[in-house]
Amino acid sequence: MSGEEKEEKNEDESIKGIVRLAGRDLSGARRVQAALTNLKGIGPSMARAIVHAAELDSTRKIGSLDEDEISDLSEVLKNPIDYEVPNWMANRRKDYETGEDLHLLGGDIEMAEREDISREKDIQSRRGIRHQRGLPVRGQRTRSTGRKGMTVGVEREKLKEKSEETEES
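Numbering-wise (UniProt numbering), the sequence shown opens with residue 1 and increments by one.
Simulated from the structure, these hints should not be mistaken for laboratory data.
Only pairs whose alpha carbons sit at most 20 Å apart, straight line, appear in this in silico PhoX-like list of lysine-lysine:
no.	residue 1	residue 2
1	K94	K78
2	K78	K40
3	K16	K61
Label-pair restraints from in silico Cβ distances:
no.	residue 1	residue 2	range
4	G106	G17	19 to 29 Å
5	T166	Q140	39 to 49 Å
6	S163	G107	47 to 57 Å
7	D68	S27	16 to 26 Å
8	E55	I15	18 to 28 Å
9	V137	E84	29 to 39 Å
10	Q132	R93	18 to 28 Å
11	T142	S163	21 to 31 Å
12	R143	G106	31 to 41 Å
13	D57	E97	31 to 41 Å
14	R126	D25	40 to 50 Å
15	R133	T37	33 to 43 Å
16	Q124	T37	32 to 42 Å
Glycine residues also receive a C-beta, built at the ideal position from the N, C-alpha and C atoms.
Between the sequences and the hints, there should be enough to build the whole structure, so can you do that?
Right, here's the structure in full:
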């Protein structure tokens, strides 16, 4: 074995199989930027911004990061707005309760969404009423699309056919 092959083998052995970040297990064989996109609430552009804010090389494997780099990355993940990530990238800007720009991850996103919908239902806003009735909330048309169950036209045709059959007999 040559020296280069030994170095590559040592690098492969030092890569952890699984890295735990933000309550999720990430595959250690993926690049840092690509692995972060497996976290709910982080897309490709946000992952790029987080890696840049944590001052990491985005092409490195996430399993090859040492404990200090992983802790730095998790700190940036907790609140990326406090670091160099711009405010407009946050997924919850001007939070209802705090008024701050937040970036939520994982189950926190779903919980915040449920709270927002229940608040709108409680105050009987237009959006809340549409949520209660199971109708489209964002202005979509309901005359021709979004119907649930059997369509009205088919029902009328069946009734017509039955009435014609009874008239003939």
